[in-house]
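Q: As a plain string of letters, each chain reads:
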Amino acid sequence: MTYHIVFCHGAERSLDPKEGTLAKVLIKEVNRVDIGSVPVLQIGDLTKYFGGLGAVVDLDLNVYQGEIMGLIGPNGAGKSTVLNMIAGTLSPSKGKLIFKGEDITNLPPHRMAKKGIARVFQSNTLFENVSVITNVRVGLHLHTKIGFLGGFFGSSYTHGREKLLYEEAMEILRFIGLSDQRDQLAINLPHGSQRALCLAVAMAVKPNLLLLDEPLTGMDAEEVNVMISLIKALRDERGITSIIVEHNMRAVMGLCNRIAILNYGSKIAEGAPTEISENPAVIEAYLGAEQDVA
Amino acid sequence: MSSKRKPTNTLIILVFIVFLLLVPVFLKSSYWLHVLSIVGINVILVASVHTIWCTGELSLGTAGFMAMGAYSSALFVMRGELSVWGAVPLGGLLCAIVAVALGYPFMRAKGIYFSILTLLTGEIFRLTAWYYRSLTGGPLGLSGIPSPEPIKIPGIALITFDSKISYYYLILVVVLLSLLILFRLQKSQVGFTWRTIRERDNLAASVGINVLWYKIFAFAVGCFFIGIAGALFAHFMHLLAADASGKFGMFTSIYILIYMVVGGEKKFAGPVIGAIILTLLPEVFRPMQEYRPIVFGALVIFIIFFMPQGIVDLPYRFLSWGRKIIGP
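For the protein sequence lines, the chains are V and S, in the order given.
If you're matching positions, the first sequence starts at 1 in our numbering and goes up one per residue.
If you're matching positions, the second sequence starts at 1001 in our numbering and goes up one per residue.
Hints are computed from structural coordinates only; laboratory data are not their basis.
Computed list of lysine-lysine pairs in DSS-like fashion (alpha-carbon distance at most 27 angstroms, straight line):
1) V/K114 with S/K1110
2) V/K206 with S/K1187
3) S/K1187 with V/K145
4) V/K163 with S/K1187
5) V/K206 with V/K115
6) S/K1187 with V/K114
What the simulated footprint calls covered on chain S by chain V, stretch by stretch (three residues with Cβ under 8 angstroms from a Cβ of chain V suffice, anywhere in the stretch; the number is not a length):
7) 1176-1189
8) 1197-1204
We put the CB at the ideal spot given by N, CA and C, even for glycine.
If we strip away everything but chain S, and leave its shape as in the complex, we get (with noise of 0.2 angstroms):
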């Protein structure tokens, strides 16, 4: 299970690392670095919901739970006092917790009984936060989230997260702890028993795999995660909106599915390509916006017809058609 990884890969997310730390020194506009802060957190989105479909499970509550994560972490930090540095976390785990909830009945329909539901779910989810008015603000929006509290390192630096800058390295390093953490447990026997479960569940069940509570236990770590990505979301804009054409409509969970589909789902990487590249690529065609849809319909059935393995296997491609026209 445990394949050896490829030093040459190794070196590629090193630079990459690299480079995106570096980004802030060359790129000064703050409008971009607003746009890549959006990149992180559908990365994290995306990472999430491939997480849960490890185990076969395609959840479409992603923009419900976001919600949940956003409203709870802000209203923590606004009513409860809390500093943001705890509210974060603590609105990934109320999604976590209420996953496992609706996670025991839920995941007992398999496939698109399993997909339909968290879909309402995550409406309902909005629909909460759009008509509670007194504690969300309902259609008005929620404005004045705080930002997190400045970091003192005694001695050193004081880090404030006042500019797009700090916002953007503050994210970059929740990107990459969650995608440390999804990676390190898909890789794990745990996420090898979620493949088993997600290729045959009858002969995982035979096997002595508890089924139901893996896929819960993906479940909750999955919205635990996009809970901590809305949480980061709220503290960054400042100002949440409950609408249906907003962060939070149905449309988000299923450009994050898209996102999955045209990156490649059969690879860790293949997802947060997915999300990187078709986040930024609206904002190159600024002007096209409005055909944002149409453009991404007709990129899913492209991708579908003639990369199935998604854009992720695009090298390997090039490479296997280089050899057929060069020679081995």
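Same shape as in the complex, but just chain V (with noise of 0.2 angstroms):
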């Protein structure tokens, strides 16, 4: 039996399964997602300088429809730069951002949400002392529908929008598993389902791009394992994509379609797990120096 297999780039080629690991990782991911060959967020010459220093020089990356695409490289490497250009809280000093087809540079971030692009904070950033329902309904600011003057006088139409946004709420926190905390402050949920609350309330905005910054961090492994199977099931079954910062190499390797890898600002390569992994330069400037010390 030969696979037929579209590359993300458009490329196209038959392959045999016993060809060997990388294309058995290929047919694995290309047989679960349709990843699209048109890119969502297209970033051409992206660049940021603080001062005189380059955090992140001339990037050029897609990103398609339907991909998880990894961001690694070192501590400083400009990973959470790149990620907060996207999300507009930083304009690039040159470049251009496309989402599709459109140009999104320099937006603020509010509109960058308009668009369609959510984000998930490094550390957990939540309403703190209000319920986790609430946290979720917040998300749900851009769908309220609720006007200036229905809000003010409260009329049965925005009793009736309330009751649906609640719903709505609802149906986020059952698909992340919080249905149960739902009246609990968030500030008192553990780490974990606070991490997970932080990917509903960017789930509320229904994002075609999510923007996840190191969402594993301080988690033990059994959280890791459940934030894994919630992004994977956010492209799976609702076709999101993805952009992930992380430093726990297997889950990057395990999660994502693609990956791209930065070092002092610049893109050294990017390509799918397996390729990245045995790519000489990644293995000198990053996973190198992880091989030392073990």
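Put the complex together from the two separate chains, hints included.
A: Structural data, given as structure tokens:
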């Protein structure tokens, strides 16, 4: 039996599954997800200087519909800076961001959200003193559709909307697995659940593109597994494209369709996980350091 | 977000309103009616500042915007031949427009920087009134500000504004209306969004909330009502002076902040209660007037240490102490 593979960049070829591990992995990935051939996000020449320091220099990267793109590299390589530019928190010194064919360079964060880009912050960023469900309810802001006057006078339409939004928030919480804790204060949740709630808030934006900044930090093995399956489910069940910055290499290798490696602000390699792990430049710059320690 | 209001709270508010309506019946002293009217104006001020505070920004330009509302409304009537009934809302509107124009640059500065900006801007407004002699009378003050025109309800009554009692009722109505609007606003979707901005503005922005405009809107709403309070003050006092130690001096802004903290900023009623109690307290201890800053300072320190939730939390505290002593 042969497989016909359509690569992200548009190339096609037939493969025998016995051809080797690389092929096996590719086949597995391609079978599971239908990665489009049109990039959702095109990053061109993206550059950010902090003073004289180039945090990100001339980065070119395409992210395709329905894939999980890993962004890895040593600390200070500029991964978070890239995410911050895509999210609109930082404006690039140079370069272009094209999202679904539209130029989104320099848009402020709330406009990015409106376009369909949601993010999960590096640290647990939540509305800590309100309930879990209220957090998700805030995430639904763009879909609230309660007019100013309706909200002011408390019309019956408003009450109907409120009920609907509550249901929507509950649906997201059930997906994330936090529906039982809906009335707890966010601050009282354990770290892993807070992280999942961050994801739920981002989900409520109903994004096409999800930016995950180190979603697995500080989690125990069980929490990591839950989180990984959640991110996978977002891709497989809801077709959400993700860009993920993460240091947990095992998770990144298992989770991502493609990986880009940054070092000193430039991309040194890009490709499927197996290609990356065999790339000598990567091993030297990044994985090599880990092997030395081991 | 819209928590069900407890019927007891509604009852307390209704009883209190009825009480306020009946005050002039047994309180004939025009001095005390004057004091109560000033209390009303302070209540509008503190509720407005509290509305801006919902977004997490503390405006200390209260006195300046109040001066703007007061002088503009007075001058609209005296120079512009407008009716007082039109001039008062117009004064508020002017403050709101200026707040939008200033809010756009100011709201990019957060926290203490915003507070300093508003404090100094307020001072600039006051100093403008102080030095622009041809318009405001400068240090001599602006005198002869007319009272509101009488309201004619054909066949029923003619309401004139020539006594402290009529002013008391006028201010009471405006205060209740302002509080109702600000309360509904704070409990609406907009108020909900304001509070999310206060808690985490970066997360709020990341879910699509236009943080800057929501903050500017809160600032404009707050300044509108501050302007209304100032305009009422002008037509109530008939005389305006913009000296530093007067109503438009920096201290008013600081006192309003103290009312809010002492009353308890977590609940809508907190600042209102704080303003009522702290405006009445110095009147009761009139002989100790000169010690007011010391007493207030001590009170604030005491409240912050022992009742961080403010006076409004006191009934709940008593309840929980009672439960501890008597048992549940």
